[in-house]
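Asks: The lines below spell out each chain.
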Amino acid sequence: MGEYRLLSTSGLLGYGFPEESLAAGMSRSPQMIGVDGGSTDPGPHYLGSGKCLNSRMAMKRDIQLMLRAARSANIPLVIGSCGGAGGEPHLQVVADIVREIAREDNLKFKLALIHSEQDKGWVKKQMRDGKVRALRNVPKLDDATVDRAERIVGMMGPEPFYRALDEGAQVILAGRSSDPAPWAACATRAQLPPAPAWYAGKMLECGATASWPKGHDCLLVDVLEDGIILEPTNPIRKCTPMSVANHSLHENASPVIHQEPGGVLDTTHCTFEAVSDRAVKVSGMEWRPDDVYTVKLEGAELIGYRAITICGTRDPGLIGQFDSFLDSVRENISYKAAAFGVKEDDYTLTFRVFGKNAVMNSREPVVNTQSHELGILVEVLAADQETANAVLAISRTNILHVDFPNRMCKEGNMAFPFSPSDIACGPAYRFSVFHVVEPGDALSRFPIDYENI
Amino acid sequence: MPRIGDIALVCKSKNAGPFELTIDAVFGDRETFEKVKATGVLGPELFAKLYKVKAEDVLFTVYDAGFAFKATLPRLIPAGDIGDTDVYGAQQHAPLLAVEIPM
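Chain order of the listed sequences is A and B. Heads up, the first sequence is in the numbering used here, so the first residue is 1 and it goes up one at a time. Heads up, the second sequence is in the numbering used here, so the first residue is 454 and it goes up one at a time.
Among these hints, one or two may not hold up.
Said to hold, decoys possible - Among the chain A residues that face chain B by a calculated CB cut under 8 Å, a handful are:
#	residue
1	ARG136
2	SER248
3	CYS270
4	ALA274
5	ILE303
6	THR350
7	PRO365
8	PHE431
Quick caveat, the hints were computed from the structure, so don't treat them as lab data. Each residue gets a CB set at the ideal place from its N, CA and C atoms; glycine is no exception.
The whole structure should be built from the sequences, with the hints applied where relevant.
Replies: Spelled out as structure tokens, the structure:
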């Protein structure tokens, strides 16, 4: 029976992991080592701005340990969705870190960079040919939305990883990838069936999250012909049938039906069996190949520039009439901003009232709040930073000083914790593209560069 | 009558991509899970009411292997878009905690 052993260091590149956990994992002779580098979860800013989610320092620390381990054991190191969003700037930051470590540690290897940014002209052509569709709860895509996007990435499947391994790459850095794809690629290339290979990837992409207690730590998975065996490498953690079964709930629309590039992983009939007090075997997963291969596209567009300030009130008289007070503040802001040439249509002003409904907005079921204090996050979005700053400044003045009936706190309505109180947040983005495309060839949209380091 | 917050092991919410929210209730043992399931309280209609969406927009799964129930529904506002309050969707589970289970 074939078997392939994979090691994941954590749920995300730059989250950190105990060095001892990596050493414990390496002592079990894994055949590849990897980590997932990204997610859409932190929001659209990273894809839009080209900035990395985690710091360069934290990413370098993780990669340095992984790279040394991988080279000394002569096994591939594979990182998907580099830098968070997996766009070209994110990929280049991680490639730069890898080159720097190679120089510092005098390491030599063949590096593959797999690119995932997609040409807008190609996306529009695929739209015209009827090869693009929206995902559930996403509006239909049009040419103008494609044109406005700062950046569009395609989410690659295992095929480009497979190709890079065939070409002898020892370190693979990829742009946006399906989270399980790097692991699925290595296991299927070792002639193991796709169902356990994909299931292994679904677990490994989150590091030791499928164990108890949860933590950013290393996970070892053996892929077998008929299932997988998971075990965290840190002795303080263990996988149990429940911890593993429940990990399928994480960030998935369904715990049993998982759409991946090229097919569906169906875990409806999985069984979870303890094979030791720390390891669990999962079997019964199924893989159903799609009739037509699709790739998910992700794009982000600029929605403006943001400025914020944070303040709080402890005045019971004000808290008792807070909604009408905010209406009055808004009117004053509108009047004063118009006086310096900024119309109401030129900005979006939002008051987020913590202690009332700042977390759930209109889905908040509690109508009568009992808070003795309220926190207010005042937010202004405008087409440029200067306008956002100006409207925010006049908002801050007005929320502090606007009068209200029976006001006792005549010197000011709000406590501001900081000076300066106003914070310019820079550009803000939204996810504008979240669609699937039929790319034709699964490999052609993800070009690979090789470098001998 | 016990509330879900009293009898569940885990009750949580998270994004399932930037456009959807997914809410899970996990029970600690098969007996409790089966009792809750038998009441029929947890279903798409409950989540539709709690989150002010249409029942047909709720993807509801009873997950026997994990003693869990999962509901996935549209986010109020896509993650990070203008007016969003919870980019990760991690704090939208509280209405479920207060749901009473007749058992």
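Asks: Now tell me if each hint is right for this structure.
Replies: Structure-based check of all given hints:
The beta carbon of ARG136 of chain A comes within 7 Å of a beta carbon in chain B, closer than 8 Å, and the hint placing it at the interface holds. The interface hint given for SER248 of chain A is met, as the beta carbon of that residue sits about 7 Å from the closest beta carbon of chain B, less than 8 Å. With 8 Å as the threshold, the beta carbon of CYS270 of chain A comes within range of chain B, its nearest partner Cβ sitting at about 6 Å, so the hint holds. The restraint placing ALA274 of chain A at the interface with chain B is violated, with a minimum CB-CB distance near 14 Å, outside the 8 Å limit.
Interface hint status for ILE303 of chain A: upheld, as the beta-carbon distance to the closest one in chain B is roughly 6 Å, under 8 Å. With 8 Å as the threshold, the beta carbon of THR350 of chain A comes within range of chain B, its nearest partner Cβ sitting at about 6 Å, so the hint holds. Interface hint at PRO365 of chain A: satisfied, since its Cβ lies 5 Å from the closest Cβ of chain B, which is below the 8 Å cut-off. A least Cβ separation of about 5 Å between PHE431 of chain A and chain B falls short of the 8 Å threshold, and the interface hint therefore holds.
Checked against the numbered hints listed earlier, the structure breaks hint 4 alone; every other hint is satisfied.
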